[in-house]
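Novice: Could you put together the complete structure from these sequences and hints?
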Amino acid sequence: AQSVAQPEDQVNVAEGNPLTVKCTYSVSGNPYLFWYVQYPNRGLQFLLKYITGDNLVKGSYGFEAEFNKSQTSFHLKKPSALVSDSALYFCAVRDPRDDKIIFGKGTRLHILP
Amino acid sequence: DTAVSQTPKYLVTQMGNDKSIKCEQNLGHDTMYWYKQDSKKFLKIMFSYNNKELIINETVPNRFSPKSPDKAHLNLHINSLELGDSAVYFCASSPLLTGREGYTFGSGTRLTVV
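Protein chains in written order, with the numbering used here: chain X, 298 to 410; chain L, 924 to 1037.
No lab work stands behind these hints: they were computed from the structure.
Where is the CB? At the ideal position from N, CA and C, for every residue including glycine.
A few of these clues could be false.
[Unchecked claim] BS3-like cross-link-like pairs, simulated, lysine-lysine; straight-line CA separation at most 30 Å:
#1 X:K402 with L:K932
#2 L:K942 with X:K397
#3 L:K967 with L:K994
#4 L:K963 with X:K319
#5 X:K374 with L:K963
#6 X:K402 with L:K963
#7 L:K967 with X:K355
#8 L:K942 with X:K319
[What the hints assert, rightly or not] Footprint (simulated), chain X over chain L, 3 or more residues, beta carbon under 8 Å:
#9 960 to 966
#10 969 to 981
#11 1007 to 1021
#12 1025 to 1033
Specialist: So, in structure tokens, the structure goes:
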């Protein structure tokens, strides 16, 4: 069965510093991996995805993520955090042989001015 | 031009009532989903439909009944509402059943059962 873990409930970063939000996954095959962001009282917005190819994927708002097969990780990164990046971030995984995406429990990112 | 729209945005109702939430997407996507987000923000899939055909039916009480009159619409009807049904319900869609492109989410329906 597929699963995804976000080990941090909350991450605090000073504005201008690099940020990392961690995600690890477990699937039996080659995964589809996604990051979504949720702002208060809003739906989830797609940030980026890894399906195949280059391990470093770039997405919206300057975010990127690196697929690491040996560590089964897909950490979200940004070189310089903005206060407006403060939100709830969800990692998600899909086993291509399955019919659904499984979401992690979410990590709340606080960017401190 | 809202891509995935849900109505209503807020729904407050008494225990035992029956209510419906509607979802429409204008993206031309084949697949639609219902997710439930609880008070701890945990997201759990409930149902998915592909071209009006039920694909996923997770362990959801049979008080919940999805209906897809066409591939652009996926409605959720809930009978005999209970306090534990209080949550935010998100509709989503994807171009194909493979889900390779990710999902587009609606803005959610906050259901409060009192």
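Novice: Could you run down the list of hints and mark each one as holding or not?
Specialist: Comparing the hints with the structure gives:
1. Restraint check: the Cα-Cα separation between K402 (chain X) and K932 (chain L) comes to about 23 Å, which is no more than 30 Å; the hinted pair holds.
2. At roughly 26 Å between alpha-carbon atoms, K942 (chain L) and K397 (chain X) fall within 30 Å of each other, so this suggested pair holds.
3. Our distance criterion of 30 Å between C-alpha atoms is met by K967 (chain L) and K994 (chain L), whose separation comes to about 22 Å.
4. With a CA separation close to 19 Å, the supplied pair K963 (chain L) and K319 (chain X) stays within the 30 Å bound.
5. At most 30 Å may separate the alpha-carbon atoms for a hinted pair to count; K374 (chain X) and K963 (chain L) meet this at roughly 24 Å.
6. Among the hinted pairs, K402 (chain X) with K963 (chain L) is consistent with the structure: their alpha-carbon atoms are about 8 Å apart, no more than 30 Å.
7. Between K967 (chain L) and K355 (chain X), the direct Cα distance comes to roughly 27 Å. Compliance with the 30 Å bound is thereby established for this hinted pair.
8. Note on K942 (chain L) and K319 (chain X): the hinted pairing is violated, with a Cα-Cα distance of about 38 Å set against a maximum of 30 Å.
9. Look at the region 960 to 966 of chain L against chain X: 4 of its residues bring a Cβ nearer than 8 Å to a Cβ of that chain, three or more, so the hint holds.
10. Check result for the region 969 to 981 of chain L against chain X: holds, 3 residues qualifying (beta carbon to beta carbon below 8 Å, three or more required).
11. Check on the region 1007 to 1021 of chain L: 4 of its residues sit with their Cβ under 8 Å from a Cβ of chain X, so the three-residue criterion for coverage holds.
12. Residues of the region 1025 to 1033 of chain L lying with their CB closer than 8 Å to a CB of chain X number 7, which satisfies the three-residue condition for coverage.
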